[in-house]
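Engineer: Protein sequence lines correspond, in order, to chains U, H, Z and C.
In terms of the working numbering, the first sequence opens at residue 50 and continues consecutively.
In terms of the working numbering, the second sequence opens at residue 50 and continues consecutively.
In terms of the working numbering, the third sequence opens at residue 50 and continues consecutively.
In terms of the working numbering, the fourth sequence opens at residue 50 and continues consecutively.
Some hints could be false.
All copies of an identical chain are treated as equivalent in the list; a pair is satisfied when it fits inside any one copy or across any two copies.
Unchecked claim - Using 30 Å as the maximum straight-line C-alpha spacing, the simulated DSSO-like pairs for lysine-lysine come out as follows:
id, residue 1, residue 2
1, 221, 69
2, 239, 221
3, 79, 239
Hints were generated in silico from the structure; no laboratory data involved.
Note that the structure is predicted; figures quoted are calculated from it, not measured.
Listed below are the residues making up each chain.
There are 4 protein chains.
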Amino acid sequence: MTAHPEAEIVSLVDVEGVGKPISDKHTHLKGICDQPVSSPDDAPWDDSIDIAFTATPDGVGMKLAAACVAAGGRMIDYSGDFRFDSAEAYASYAERIGRGPDHAAAGLLPRSVYGLTELHRDAIAEASLVGNPGCFAVSAILGAAPAVRDGLIDLDTIICDAKTGVSGAGIKAAQTFHYPLRYENMNAYKIAAHQHNFEVERELSRLAGVELRVTLTTQVVPLCRGIMTTVYGQLADSSTTAEQLYEAYEDFYGGSVFVRVEPPGTPTSNNDVRGSNLCVLSINVDARTGRMIVVSHIDNLMKGQAGSALQNMNVMFGLDEGLGLRRPAFYP
Amino acid sequence: MTAHPEAEIVSLVDVEGVGKPISDKHTHLKGICDQPVSSPDDAPWDDSIDIAFTATPDGVGMKLAAACVAAGGRMIDYSGDFRFDSAEAYASYAERIGRGPDHAAAGLLPRSVYGLTELHRDAIAEASLVGNPGCFAVSAILGAAPAVRDGLIDLDTIICDAKTGVSGAGIKAAQTFHYPLRYENMNAYKIAAHQHNFEVERELSRLAGVELRVTLTTQVVPLCRGIMTTVYGQLADSSTTAEQLYEAYEDFYGGSVFVRVEPPGTPTSNNDVRGSNLCVLSINVDARTGRMIVVSHIDNLMKGQAGSALQNMNVMFGLDEGLGLRRPAFYP
Amino acid sequence: MTAHPEAEIVSLVDVEGVGKPISDKHTHLKGICDQPVSSPDDAPWDDSIDIAFTATPDGVGMKLAAACVAAGGRMIDYSGDFRFDSAEAYASYAERIGRGPDHAAAGLLPRSVYGLTELHRDAIAEASLVGNPGCFAVSAILGAAPAVRDGLIDLDTIICDAKTGVSGAGIKAAQTFHYPLRYENMNAYKIAAHQHNFEVERELSRLAGVELRVTLTTQVVPLCRGIMTTVYGQLADSSTTAEQLYEAYEDFYGGSVFVRVEPPGTPTSNNDVRGSNLCVLSINVDARTGRMIVVSHIDNLMKGQAGSALQNMNVMFGLDEGLGLRRPAFYP
Amino acid sequence: MTAHPEAEIVSLVDVEGVGKPISDKHTHLKGICDQPVSSPDDAPWDDSIDIAFTATPDGVGMKLAAACVAAGGRMIDYSGDFRFDSAEAYASYAERIGRGPDHAAAGLLPRSVYGLTELHRDAIAEASLVGNPGCFAVSAILGAAPAVRDGLIDLDTIICDAKTGVSGAGIKAAQTFHYPLRYENMNAYKIAAHQHNFEVERELSRLAGVELRVTLTTQVVPLCRGIMTTVYGQLADSSTTAEQLYEAYEDFYGGSVFVRVEPPGTPTSNNDVRGSNLCVLSINVDARTGRMIVVSHIDNLMKGQAGSALQNMNVMFGLDEGLGLRRPAFYP
């Protein structure tokens with residue numbers, strides 16, 4: 050928040066490094082943010098806290114939410130805990146990802162909102178609890194939403210082929226992301242089984258007004274930041290042109306601060322979004338096969354996570370949606 | 050050929066560096082191959098030459114072929130010049146890529162064979178002219194061929210989402226592949242318009258026995274070598290399992306030296322193929338959407354180009370197909 | 050300047066893309082800075098301009114300076130044109146880099162200041178012309194200055210072994226920085242002949258009060274941003290400890306906003322500085338050989354170039370030296 | 050050994066994956082080497098074994114050596130266990146790296162030879178035990194040896210500034226080599242305290258005939274394979290030219306299969322050696338400061354480890370020194 054003019058950090062909570070400056074662990078913050086880390090046990094919910102960000106694993110945020118809400122606070126949770134507004138939906142999600150069906154704060158679920166600002170801006174403004182969306186889901190949903198809402202593609206033909214940088218896997222070392230094994234490597238993983246698949250289907254189903262299913266393929270390529278998702282769908286009307294699609298996308302996202310729809314024929318790349326909160330969309334038609342091909346670019350750590358969270362916070366507190374977030378991509 | 054026990058280089062022809070050792074330009078060859086470069090003007094076709102490799106742009110190989118064949122030689126051409134065995138097919142291809150429809154050696158086209166060894170082994174053995182296939186085409190065709198031949202997927206639902214390393218763009222410097230603009234970048238290009246799309250459709254149509262169309266999306270990711278193509282197709286029978294698909298693929302490629310079909314559930318990655326002539330296939334089913342998802346890995350410079358050429362040479366001269374090519378992936 | 054609260058861009062001048070938004074060429078600036086590019090011919094020096102930044106090749110800035118100064122403007126030049134405050138010094142430099150000895154604005158040289166803020170803060174505040182320092186020079190000089198000034202090392206034993214990311218070579222594509230030839234490559238270049246060697250010697254000589262010579266080895270490693278220079282010097286008193294050196298460095302840089310001297314034993318890396326205007330110094334002694342080993346880290350595009358320029362601008366206009374520049378390293 | 054025409058693998062021993070094919074762990078070996086892994090307990094020393102390679106941590110090889118030698122076998126050990134031919138030397142080394150001074154097979158040390166082929170070819174041919182040298186040591190020693198032996202530089206001025214790829218740290222994941230923390234990072238580590246420093250000094254002292262000390266700085270840059278060591282030394286006679294140095298180096302390495310000394314002015318880079326067993330040397334003089342600057346390139350996994358081991362094996366069994374090792378650098 051050190052770059053956000055309206056936010057002030059009350060406390061930084063972690064289970065490691067308690068009592069030490071956060072910059073001991075994240076040395077790039079030395080001199081920028083040297084606030085000491087608090088233990089979860091010493092982090093009271095009181096009225097000095099307007100909002101909490103819980104970047105915790107599945108199952109943790111749901112245990113903290115009741116105390117937060119009771120104290121009049123609001124919460125943006127990074128896990129899947131509050132991405133679904135009913136116990137039934139949560140149970141379906143939980144089953145898919147191999148967790149138990151019970152939610153520790155099921156009673157709060159109706160007060161939670163799926164935190165994709167461009168789809169739920171008004172509800173987010175009022176929400177106590179926001180389930181910050183999954184990074185793949187952000188790129189896939191933003192890439193498909195206008196075509197789905199407007200019935201421009203057959204709903205049973207949606208394929209999202211997603212490529213992510215390695216930072217999507219988190220900061221903990223793992224064999225598969227050891228530099229020598231990763232620098233010239235790429236692979237698909239959790240094929241047809243990624244945890245974000247469920248929320249993509251749920252949000253697109255809402256927009257379509259019917260239940261639909263989506264193939265989401267998640268793949269890792271050797272860069273640090275960035276997701277490029279190529280969204281395919283059979284055009285409902287095979288004579289639809291890229292220009293017509295573009296208009297529909299412009300109409301959908303008109304006025305959105307952080308979605309940029311490029312006119313057909315404009316080159317787009319990860320360089321357009323890396324380090325920024327932008328989603329950049331390239332709109333294409335394969336006329337010979339009658340398919341829509343939308344390429345959706347985000348930075349998984351910004352619009353795919355922390356940037357979205359800040360954007361939601363701005364909306365929740367009636368601030369300018371882009372406050373603290375309007376910066377260009379990191380280049381080169 | 051310095052590593053091939055049955056091949057000897059007669060001459061190395063280039064327009065640059067004539068008279069100087071090839072290792073002046075490609076310094077990694079110092080002490081390995083210091084043969085001087087000959088000018089095209091000084092490269093006679095005589096009976097000391099059994100086979101010529103023409104790694105030349107579109108339109109060059111076709112001008113050289115007649116002299117070669119007249120002298121009793123054979124040729125493996127890396128461009129699109131001999132990938133099609135009729136003037137009609139060539140004209141269709143040429144139109145798609147924006148070249149004129151006339152082929153300088155149209156009379157020789159019926160004697161040419163598409164050089165994907167696994168599909169045309171017998172014809173290649175007899176061929177005078179081999180059109181070495183495009184790198185994207187190798188990965189896409191090998192990934193789709195068994196399912197197409199056996200009617201396991203709907204033929205109008207094939208999507209090939211291909212990711213390539215930067216070496217696919219050749220060795221000449223270009224702004225878009227300048228290190229600072231490429232190291233953390235990825236992008237799609239020539240969307241629905243890549244020159245290899247045509248040969249993918251042609252070969253898969255042959256296997257299917259009907260004309261089919263394919264969406265091929267070509268994308269660049271920041272690694273040097275490797276293509277990973279994710280092939281999607283709606284299952285003709287939605288109850289088909291990954292194991293059944295696997296059997297069909299095993300049946301198709303059984304005995305192939307350089308295609309390895311991995312049992313369902315086996316992780317695969319670019320590390321399995323980089324620096325080798327292998328194609329490694331991962332076979333998957335998305336049961337919820339009834340889709341086949343095959344991930345096809347090759348090294349674009351090996352099985353995607355020079356390795357395929359050597360493999361074809363081995364077949365053309367009745368040698369062990371793997372001679373000079375059986376080496377593990379470069380690791381790490 | 051879009052992130053600098055006190056600066057406003059009057060005009061952006063280039064020979065390419067005149068009349069088009071700067072964001073056409075640098076697409077990451079879309080929506081951030083879409084100001085049109087002016088031709089050099091249409092860039093009048095008038096009193097609306099307080100300061101000009103000339104990121105031009107050697108020999109260009111010197112031709113523009115007279116008009117700028119005559120109009121009451123000030124200039125920060127990125128080339129070697131104004132790094133030396135006498136015609137004699139310039140001639141020596143020019144000879145070393147193979148240029149003619151004459152300076153087009155020799156009369157202005159006494160009004161120019163070498164733009165390394167930490168060494169010339171007071172003079173920069175008053176300067177009309179600032180010669181922004183070379184990136185290697187910044188890292189080498191900051192790494193050696195305190196030891197040289199305080200006589201802690203033998204002045205004829207200074208070796209600066211510098212490693213730079215590829216962005217140091219500029220944005221123009223070149224064969225040697227083509228991604229496939231660079232991704233796993235490293236090399237030394239211009240050995241004992243780099244153009245920045247001269248300014249390193251000149252500034253360190255000033256500090257020492259005697260003429261000294263330095264070996265500067267410039268090397269490229271496969272990253273985009275960052276310079277790590279390892280500075281060696283034989284300790285004048287071989288019993289000097291790392292702690293004593295540290296105190297000398299702290300004393301020298303105390304109060305500097307952008308130089309951080311780490312206590313002995315603290316790990317440092319390029320991650321500490323990438324994307325920031327910081328110089329981070331690691332202070333070490335090899336007791337067995339009696340040598341000082343200082344590792345100096347900067348981001349070549351920030352403290353090594355544009356960041357230093359902004360820092361100098363702040364000083365020239367009496368602003369807070371860190372204005373618009375206090376941001377953490379880009380992580381990860 | 051699958052690529053070595055005279056070697057056959059008797060057994061592959063590991064503590065993990067016992068009973069399973071080695072290619073289960075190292076999947077790039079599938080179809081190339083699928084031999085099962087044996088437990089250390091099931092690995093008898095018998096006369097079917099001519100030679101053992103022990104790529105084990107410090108302290109392991111020394112426990113295995115007696116049984117090996119008693120059974121008439123020979124051993125090439127990758128650790129520091131047999132790099133020193135006396136208990137005294139070992140104790141000095143052990144002290145420096147923080148191990149106890151006692152060697153479990155001290156009696157065998159006089160039969161061991163330091164495995165840098167170019168320096169000890171004749172002794173290696175007769176040796177029972179070879180201590181394969183450290184990767185940094187190979188690059189530093191080969192870069193300095195001729196100048197040291199011939200007295201061309203002052204012996205108390207040798208600085209070896211070494212940059213290594215990440216594979217030098219081994220295959221086990223660690224936070225500091227996690228892809229997102231490493232891809233744009235570089236840092237020095239174990240400053241003035243690297244374990245290879247000792248063997249560099251010992252070997253160069255042998256050549257000089259007097260005890261000397263060397264500063265060795267070890268640094269990690271973001272590539273996988275490769276070491277570039279820049280060796281500095283004050284010229285004994287400051288008028289020595291690069292050509293004279295070159296002649297001395299050529300004289301020293303004349304006839305060596307795997308050391309290539311490039312004539313002054315020839316560009317060299319990691320691309321010249323990556324994937325090969327070569328050491329490539331660039332010879333330079335900084336005439337203004339009277340310094341020698343030699344840049345030494347190796348692939349740390351080849352000439353820096355496994356390649357050197359095979360080269361030594363060839364010498365030990367009277368085979369052509371380059372057998373199984375003459376392959377070009379992996380390019381690009």
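Engineer: Going through the earlier hints one by one, which of them does the structure break, listed in rising order?
Structural biologist: none
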